[in-house]
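Asks: Each protein sequence line maps, in turn, to chains A and B.
Residue 46 in the working numbering sits at position 46 of the first sequence, with consecutive numbering throughout.
Residue 49 in the working numbering sits at position 49 of the second sequence, with consecutive numbering throughout.
Don't read these hints as lab results, they were simulated from the structure.
Certain hints may be false.
Said to hold, decoys possible - Covered stretches of chain B, as calculated for chain A (at least 3 residues, CB under 8 Å):
id	segment
1	32-43
2	438-445
3	479-489
To be verified - Far from chain B, some chain A residues (derived; all Cβ distances over 12 Å):
id	residue
4	L5
5	V40
6	R139
7	R148
8	V169
9	V462
Every residue, glycine too, gets a C-beta built ideally from N, C-alpha and C.
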Amino acid sequence: VSSALLVASLVVPLLIAGAGPLAPAPLRGRLAALAAVPAVLAALVAGADTGVELPWLLLGTELTLAGPRRLLLAALALVWLAGGASASTMLAERRSSAAAWSLATTGNLTVVVAGDAVTLYLGFAVMTFAAVPLILHERTPATERAARTYVVLAVLGEAMVLAGLLQAVGLSGDAGLDAVRATMLDGSVPVTVVGLLLGGFAVKAGVLPVHAWLPLAHPAAPVPASAVLSGAMIKAGVVGWLALVPIGGAATGPQTAGTGIAAASIGAGTGLSGIGAATVGIGLTSIVVGALLGSLRSEPKVILAYSSVSQMGFLTVIVGLGLLTNADAALGQGAVAGVAAIYVLHHALAKAALFLAVGLRDRLAPGILLTGCGIAALALTGAPWTSGYVAKLGVKDLSGLLTEPWGSLVTTSLAIGAIGTTLVMARFLVVLRHEASVSRGHGAVDRRGQIRAGVEVVVWLVLIGGVVLATSMLPPWLLPADGAGTDAGLLAAAGTERAWVAPWSIGASSDVVAALWPVVLGVVVAALVVVATRRRRRPAWAARWNDHIPPGDVVVLGEAGWSRARGAARALGQRADRARSRTGHTLRGAGRALQTGRLLDSLDDVGTRWRTAGIGLGLVVAITTLALMS
Amino acid sequence: VIAALSGPTLPVLLLATSLVPALLIFPLPDRAETARRVINLTGAGIKVGLAVLLAIGVFQGVEFEARMPFLPGIELVLRADPIPVLFVFLSALLWFTTTVYAIGYLARHDHRSRFFGFFGLCVTATMGVALAGNLVTFLVFYELLTITTYPLVVHRGTVEARRAGRTYLTYTIAGGAVLLVGTAWLQAIAGTTAFGGPDALQPLLAEHRGALIAIFVLLIVGLGVKAALVPLHGWLPRAMAAPAPVSALLHAVAVVKAGAYGIVRVVHDLYGAPLAAELGLLTPLAIVAAVTIVYGSVLALAQDGIKRRLAYSTVSQLSYIVLGASVLSLLSVTAAIAHLVHQGIMKVTLFYAAGILEHDHGITRISELDGVGRRVPATMVAFTIGALGMVGLPPTVGFVTKFTLGTGAVDAGAWWVVVILVTSTALNAAYFLPPVARAWFARDPATTSTAVDGTTSMRTRLLARREADPWMLAPTLVTAATVLILGVGAGVPFSPLDWAGGIAEILVAEGGP
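Here chain A stands alone, though its shape is the one from the complex (with noise of 0.2 Å):
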């Protein structure tokens, strides 16, 4: 039964993104929102050490529910779920949408139950992909540069990990996830794969700065589209990452061995401990700048984005803290996985909580809206009684296992990432607070209407309940007590215990303190930020910053060089056409060629005259010959 629940929470949402196009417009939206079920269950349901193997299926199949994944795949079939059921109305309206979105919840799936590195790029690839139509929805300029934004960025990241994968995989002679990783681990593997792996799966985990699609693509989708974006796509990156990285592999010493660009790339004597040291770099300039950015923005769904670029730097301190840690790989493994787990269920119910909510301004009374979202902001900065103080005390724990810079460094960080936190959803609420009461009174008045309005807003509030509740009831359940092939508890292992304590005993006042002072002083802060704005006459701070950076930051960069990069291309060309009057063809030739590419048209065409193709086999028998008399 395991074994089929496993298969059929796959299966199902295939089979309904085949068919389901074809039914009628109500059904299909019901269908999609369906998709994700058998998935619920099997994560629920099934053993962590059910198994599939399916040698037939593409270069031989294996799925899995061992080690974090099934707690990983019940956080994001419950946001798949979530979403869907928010969903009827925009899978209604476009068959490609529909088709898209359970094929992503197939593709989203299967990279957490993925036991092989081939069925795990399969799964992200197709969901990669089937997120396009879904950013695409609205076909509006605003989703096609989004949509064009995040493909170029996805498939700069997807090429990275392919290079990856093939190494890893090439190196260790078998696709299995447990034999790359121990290849990974016994140091064969050029630090330069562990590089192309973090940095391919960050372009869909959002990490700066290759998240600039997010801030784009989020407020161009439909919201229950931004919802499992951000809930449960964006995942992947982490998930693809817990699979594939060596964590706990410092503990094996640096990795300096290794053929080819490792060596030239990184500098010799760092390994993966730089790389680790790096990530974590990454991961906290993300949290910073991703709250900073957001903090400026008056589009809810553009504040959601940055603050999920921030989360996300997270769970990126999270997988480097494991590449730094000098514990037992396997316990290692263990912790991290589990810690990373444990905040991608905080992280994934939060922020579909609070996209979700987005889509409800219109259709709730603002008292209930704002309370809810006020709960899943306290649980993302981390304030006591929330699933985020949980998660948040897993890296807390993490960070200990540190020799000292990094720990205090990491904590101090955390703090700070925090205060950060506070400050966006406080700009957030205030947004959501100011849009609700505008909006208040467009929604649905059918009876119909009505009745979807009322299962979204109760599906809503059973998601606000998982906020608080989901990491303390979840994880006991559902993460393994013994790590990946130790017999010490994963936790006791780590010095994760505390992760499991219910949210109602709440440990040691000191953690207490440490998690509710940044909170307190992002409140105090944000609402001098609220008086001050308040003011008859806005003080020239605020008019100058607000919405001064473009969503999408360095994007708009890169398009302006490249406008910039075309135009000069194109001057260069009129200016050679401009010379030919005077310096003949050659010159006209050339400057066209820099214009289009056309000097690679051109030199293809000197193979097909009869002269070249005469003097090139007279060549040829003139070679011949010589070299049969010699």
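Starting from the known structure of chain A, arrange chain B on it as the hints suggest.
Replies: Positioned in the frame of chain A, the structure of chain B alone reads:
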């Protein structure tokens, strides 16, 4: 049944099932549509059946060999080893689908008997190339292929078509001449050009080292013209003036595949990889292949014509085969041989789709694809599958090749192949995703006035305008489905990958150190 066909019978029958229909079709008047269809499809159907029997027979170890004297001391040999079986199978299958497609495509054109006659001859030559047991036989059919495809390339008779035909002949005749020189020279010094016995050349190493290198270069240059290795590829994009079924046949099965297949056989079955490696020939060949992969992709980016873009993509994709064959590892040789089939099915799908767009909807340029997905959904689904396969995304066959080739290369220590593969993946995405995106997501200029919204049912739209002749649409969808089925089922016994793995084991074992 198989025992009855053993010996010379089956190889000869395989040739006859397209030669006889061709000869029967030539005298038919153009209006004898039904007779031509029956002859064509019967021949193609029987050939598929024979290919199946051949595969089973070879798997059971039955000998299939036909010999006849040709020149003093030289015989024409048709032999069915595991290697030819894969190529025979591919040709038989795609000849069938392409025949069906061509019947629809040419329904309202002139000179149909001439077309199908040469079409049959072309397939006969391809079968000969596939089954050739020595280099001389290979050469004979290789030249025959050149001659029989020329009338197909110039079929339309336009100025452009005739110019394309002239370019085609220039390149291929020159290439054939070079191949002839190489073959003759090898025959002179070795006394044999038989495939399947690399040991024969090993003793010559000490005495004829220089000659062996020169012969190898000559053979590869001669074959490289048809395999479209840069800089010998110029004819291919120009041959796009031919009708779509011909382009499909040229690109997927017959001409270019004869070149790539020939290179694989010369490297692994004539010289043997160890000898070729000892002579220092594999690395240069791999570099040429790598350059071709990148160069073809870059040029494809610059094309607006759909068929021209596909042509440059062929240039690039074919060299995956050459690249895999020139890296010394079991997995990459497997990938090379499997890609003979994989590339064929993907490219034929793309050309079928391009043919439908051109023939029934007048669309020949990428820039005209905006919103076409609504008008021709089935065709564009097929095109999308083919395009994603070319990019190498799972679960298509393109991914199977790329992953096997890449891991095999890493296994052999050739990490730079990964760089080439990833670069090519990114470039493929850059030139295949935009047309797909245009077709599905851009606004169709033709329907903006009527404002087709997403809620009209698919059936009414299909009824409103027939998408394509079913004779053309059916093969397109069948090959598109095959791209997915062979990819998903790559691990099934007797899949192209499995079969190619078996061949690679034989090749590596017989030439092994």
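Asks: So, for every hint listed, does it hold in this structure?
Replies: A quick look at each hint next to the structure:
no., hint, verdict
1, 32-43, "violated (count 0)"
2, 438-445, "holds (count 3)"
3, 479-489, "holds (count 3)"
4, L5, "21 Å, holds"
5, V40, "25 Å, holds"
6, R139, "7 Å, violated"
7, R148, "9 Å, violated"
8, V169, "5 Å, violated"
9, V462, "31 Å, holds"
Against the hints set out earlier in the document, violations occur for numbers 1, 6, 7, 8.
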